[in-house]
Amino acid sequence: MDMSELYQELILDHNKRPRNRRIMESPDRTAEGFNPLCGDRVTVYVHMDDAGRVSEITFEGSGCAISTASASLMTEAVKGMKREQIEALAARFHDEVTGVPAPGGANGNIKLGKLEALAGVKKYPARVKCATLAWHTLKAALADRQEIVSTE
Amino acid sequence: MSGAPATTVRAPGLDVERIRAEFPILARTVNGRPLVYLDNAATAQKPHAVIDTISSYYRTINANIHRGVHHLSVKATDGYEQARRTMQRFLGAARPEEIIFVRSATEGINLVAQTWGRANLRQDDEVLITHLEHHSNIVPWQILCEQTGARLVVAPINDAGEVIQDEFRALLNERTKIAAFAHVSNALGTINPVKAMIEAAHNAGAKVLIDGAQAAPHLAIDVRDLGADFYVVTGHKMFGPTGIGVVWGRHELLEQMPPYQGGGEMILSVTFEKTIYNKVPHKFEAGTPHIAGAIGLGAAAKWLMDVGLDRVAAHEHDLLEYGTARLTEIPGVTIIGTAAEKASILSFTIDGVHPHDAGTILDQDGIAVRTGHHCAQPVMERFGIDATVRASLALYNTKREIDALVEGVRKVIEVFG
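Residue numbers (numbering that gives the first Met the number 0), protein chains in the order written: chain A, 0 to 151; chain B, 0 to 416.
Rather than coming from a laboratory, the hints here were simulated on the basis of the structure. A couple of the hints might just be wrong.
[What the hints assert, rightly or not] Residues from chain B that face chain A, not an exhaustive set, calculated with beta carbons under 8 Å:
#1 353
#2 355
#3 359
#4 363
#5 371
#6 415
C-beta atoms are modelled at their ideal positions from N, C-alpha and C, and glycine is treated no differently.
Could you build the full structure based on these sequences and the hints that come with them?
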């Protein structure tokens, strides 16, 4: 297998220069995610505007290139979205990286955009959780769940 | 003496190619490349001697043991008890009854903690472990401490990953009831000076449990020479099957200890009013044991003794020196664990590359390494890292395979450069 399929330029770039990686002072929502198998950690911070849109989103944490790039790309993708839109995008992304064919109906039409760069993960089952950790954590933040999100 | 070459008497080295031929899995490919299996500290591969023994057990003598009068039951019982005697020889134990079959080294430590520990520890007593322990030699003692009010005390390690001996001795005192530590560290490869540590613990009046899970495939073990009280090993890391391990304990201690689990096999007679427990070791082997596993483990131990653990240690030492030198040549690679006395474990980090990414790229070339915290999070925390890449070598590994690893690591650096 060609490694550049998994480690695309975009992923290597977001790993090296993660976007929106910083701790947010007084976020509206925050959640912490943990992958106990590999020790990857991510914290997601969110500001919401009055219309219920994500006006600002940042993350902090330590992890592999896949989890760092995924968190970085996620913060760019969801800015300006409402919770329902984010959950639909998260579901579509989850299907993509776990190799579930795009469904018909609403979710199937959702465009992944730059998130497509992570599609290569589906060939590496041991790495899927690296790609989904940030998304699980963001969903928990939006739902205002207090416990640490675990991939297990 | 002129003209005569200097000669040194030296045992013949390992014929590694012949040994490799005994491991069928080593002939397979992964992702189109020959398998380079460097994850032996997680589990070792199995030779024909073990695979065939297990297969033959099920094909020819499978029966329950210690009960039936029929031919197969007698044969199966013989095989199981023979395996116990082989493990007695492997560990240098005084008596076969000192060998208790359990599921794993982990279960062995839990057995000692929950039987000897529950019977002997009181409020404010202390359990002394070290900073380099595997989670399986930490958590059972934490549970015991919660149950009894005893305290868990941890001896520190230095930057090379060695237990600081002065500190270890200073932490021993009259409240220390048991000291528990690894013979060989799974994350760092450090070989502890166990004999001296046992002596120090005994001088303080403490009992000693040695976690030998990582020592058994690499070093000759002699529990009487070491002077330990308990020693645990697991089958699958010493080329035997999974699901089987051994606790060795000194006979007089085992006699005094309450049973671990209740059930069949561990009793002499049962009435609703009173149950009389069976003798050692059966007192600790409730239920039908993993008969095939024990017999397979016996085959593995015999095979290892036939190969000769001194020769194994010499071969692995060569590999370790070669691997250390080759990896250190690569800019950005840092070896974690540089103890003077070390088994064949190469734990390392690569600047700017997370171990999981390295593991995935190495796997594409058929190279199997472990990446992560190796069930030793306190060790990772001690070195200020989240994870390492760990190449753990066994008797069948070669310098050629280390070359493949080195080439793979260079490729990793290229991808992330």
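Would you settle whether the hint for residue 359 of chain B is holds or violated, based on the nearest Cβ-Cβ distance to chain A being less than 8 Å? holds, 6 Å
Does residue 353 of chain B pass the interface check with chain A, least Cβ-Cβ distance below 8 Å? holds, 4 Å
May I ask you to test the interface hint for residue 355 of chain B with respect to chain A, counting a Cβ-Cβ separation under 8 Å as satisfied? Holds. Min distance 4 Å.
When the least beta-carbon distance from residue 371 of chain B to chain A is tested against 8 Å, hint result: Nearest chain A Cβ about 5 Å off; hint holds.
Holds or violated: the hint that residue 363 of chain B contacts chain A, with Cβ atoms closer than 8 Å. At about 6 Å, which falls below the 8 Å cut-off, the nearest Cβ of chain A leaves the hint on residue 363 of chain B intact, so it holds.
Under 8 Å, Cβ to Cβ, is where residue 415 of chain B needs to be relative to chain A, so tell me if that hint holds or is violated. Nearest chain A Cβ about 7 Å off; hint holds.
Hint check: no violations occur; every hint is consistent with the structure.
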